[in-house]
Amino acid sequence: MLKAVKEGAEIIRILSDDTDVFVLLVYWTSRMQVSAKIEMEKWNGDVLDINETVWRLGLRKCSQLFGVHALSGCDTVSYPFVKGKLSAFKLLEIDMPGLDQVLGQPSVTHAQLQETACTFFLPLYGQKSCTTMNDTRAHLYRYRKKPPPLKKLPPTDANLQLHVLRAHLQMLLWKAADQCDPLVEARNIANFGWNIEGFTITPAVSTAPVAPQALLDVVNCSCTAKGKACSGTRCSCSRAGLSCTDYCKCEGGDICCSPFTSKHMDIEDDEGELDVDNE
Numbered sequence: 032m033l034k035a036v037k038e039g040a041e042i043i044r045i046l047s048d049d050t051d052v053f054v055l056l057v058y059w060t061s062r063m064q065v066s067a068k069i070e071m072e073k074w075n076g077d078v079l080d081i082n083e084t085v086w087r088l089g090l091r092k093c094s095q096l097f098g099v100h101a102l103s104g105c106d107t108v109s110y111p112f113v114k115g116k117l118s119a120f121k122l123l124e125i126d127m128p129g130l131d132q133v134l135g136q137p138s139v140t141h142a143q144l145q146e147t148a149c150t151f152f153l154p155l156y157g158q159k160s161c162t163t164m165n166d167t168r169a170h171l172y173r174y175r176k177k178p179p180p181l182k183k184l185p186p187t188d189a190n191l192q193l194h195v196l197r198a199h200l201q202m203l204l205w206k207a208a209d210q211c212d213p214l215v216e217a218r219n220i221a222n223f224g225w226n227i228e229g230f231t232i233t234p235a236v237s238t239a240p241v242a243p244q245a246l247l248d249v250v251n252c253s254c255t256a257k258g259k260a261c262s263g264t265r266c267s268c269s270r271a272g273l274s275c276t277d278y279c280k281c282e283g284g285d286i287c288c289s290p291f292t293s294k295h296m297d298i299e300d301d302e303g304e305l306d307v308d309n310e
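FYI, the numbering for the sequence shown is 32 to 310, going by this note's numbering.
Hints listed in this document are in silico derivations from the structure and should not be mistaken for laboratory results.
Virtual Cβ for every residue (Gly too), placed ideally from N, Cα, C.
Fair warning: there could be bad hints in the mix.
To be verified - Heads up, simulated DSSO-like pairs for lysine-lysine below, C-alpha to C-alpha not over 30 Å straight-line:
| hint | residue 1 | residue 2 |
| --- | --- | --- |
| 1 | 92 | 159 |
| 2 | 114 | 182 |
| 3 | 116 | 68 |
| 4 | 182 | 159 |
| 5 | 34 | 92 |
| 6 | 259 | 280 |
| 7 | 114 | 159 |
| 8 | 92 | 68 |
| 9 | 116 | 159 |
| 10 | 34 | 73 |
| 11 | 116 | 73 |
| 12 | 182 | 259 |
| 13 | 92 | 37 |
| 14 | 182 | 116 |
| 15 | 121 | 182 |
| 16 | 114 | 73 |
| 17 | 257 | 280 |
| 18 | 37 | 68 |
| 19 | 121 | 159 |
| 20 | 92 | 73 |
| 21 | 37 | 73 |
| 22 | 257 | 182 |
| 23 | 121 | 92 |
Unchecked claim - Label pairs and their in silico Cβ distance ranges:
| hint | residue 1 | residue 2 | range |
| --- | --- | --- | --- |
| 24 | 207 | 140 | 16 to 22 Å |
| 25 | 72 | 264 | 55 to 61 Å |
| 26 | 141 | 229 | 24 to 30 Å |
Whenever a hint applies, use it, and build me the whole structure from the sequences.
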């Protein structure tokens with residue numbers, strides 16, 4: 032797109048259904064103050080006016096849109112379970128300077144990244160009184176009105192740190208899209224929450240406990256029977272109305288037949304995932 036603009040094109044239409052492409056077009060049209068007509072045509076024929084989007088959002092929100100999109104999940108960064116783009120984009124109404132002044136900026140510290148991620152994730156989960164993700168997890172679990180699958184809880188502080196590192200790396204690359212080579216500090220992805228084993232690259236996951244050990248000792252089961260594991264009142268998790276987890280004998284896997292285990296729960300689209308008080 033930038034090359035076509037540089038060569039004098041007056042109307043540029045990109046054919047794509049990809050949200051990453053849309054966000055990139057909005058960001059670069061805003062950042063470079065592109066005067067050419069920029070459009071994105073979806074496969075169903077709908078045409079999105081990028082210039083109008085930039086005008087409606089304003090320069091600041093166009094810049095922060097990058098951070099919102101990266102943290103809420105993109106092609107290379109995982110998404111928070113059942114937290115969709117609608118919830119994430121609504122947070123643009125809140126001014127979060129770190130979304131554009133920290134994420135994607137060279138030489139920022141892990142502490143700055145973690146603080147930025149928390150300022151985004153806390154309102155994403157509707158929390159006003161908590162200050163850390165571990166506190167948020169405990170609050171949502173403690174004051175639940177119905178047993179939430181563990182997947183619906185926010186990430187732990189340790190896993191959020193890895194998540195924001197991956198989002199930060201992606202934004203470093205996005206913001207350098209007009210350059211021939213990526214920034215030197217972005218070339219070793221092992222420093223950004225990724226594991227590299229030979230030719231296999233996987234997201235790093237924290238080994239820190241997902242909950243206090245005392246709680247894990249209470250809520251794990253020992254069910255092993257194929258075809259009926261965890262399906263009755265003998266299962267301590269089912270009896271308590273809790274989802275089975277990796278700490279259970281069944282590991283919450285294929286043999287687990289508990290109706291409370293995440294894979295058996297209906298996935299809600301976006302809002303109202305955790306029915307708890309926010310205060």
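Hints versus structure:
1. 92 x 159: Within the cut-off at roughly 22 Å; holds.
2. 114 x 182: 11 Å, holds
3. 116 x 68: 26 Å, holds
4. 182 x 159: 21 Å, holds
5. 34 x 92: Status holds; Cα separation ~24 Å.
6. 259 x 280: Holds, at about 13 Å.
7. 114 x 159: 17 Å, holds
8. 92 x 68: 20 Å, holds
9. 116 x 159: 21 Å, holds
10. 34 x 73: 21 Å, holds
11. 116 x 73: Between residue 116 and residue 73 the Cα gap is close to 18 Å, so the pair holds against 30 Å.
12. 182 x 259: It holds: about 23 Å lies between the C-alpha atoms, which stays within 30 Å.
13. 92 x 37: Answer holds: residue 92 to residue 37 is near 25 Å, not above 30 Å.
14. 182 x 116: 17 Å, holds
15. 121 x 182: 22 Å, holds
16. 114 x 73: 24 Å, holds
17. 257 x 280: 12 Å, holds
18. 37 x 68: 13 Å, holds
19. 121 x 159: This hinted pair holds, its Cα atoms lying about 16 Å apart.
20. 92 x 73: 23 Å, holds
21. 37 x 73: 24 Å, holds
22. 257 x 182: 24 Å, holds
23. 121 x 92: Given pair residue 121, residue 92 holds - Cα atoms ~11 Å apart, limit 30 Å.
24. 207 x 140: 16 to 22 Å: For residue 140 against residue 207, whose Cβ atoms are near 20 Å apart, the range 16 to 22 Å holds.
25. 72 x 264: 55 to 61 Å: Since the Cβ atoms of residue 72 and residue 264 sit about 56 Å apart, the hinted range of 55 to 61 Å holds.
26. 141 x 229: 24 to 30 Å: 27 Å, holds
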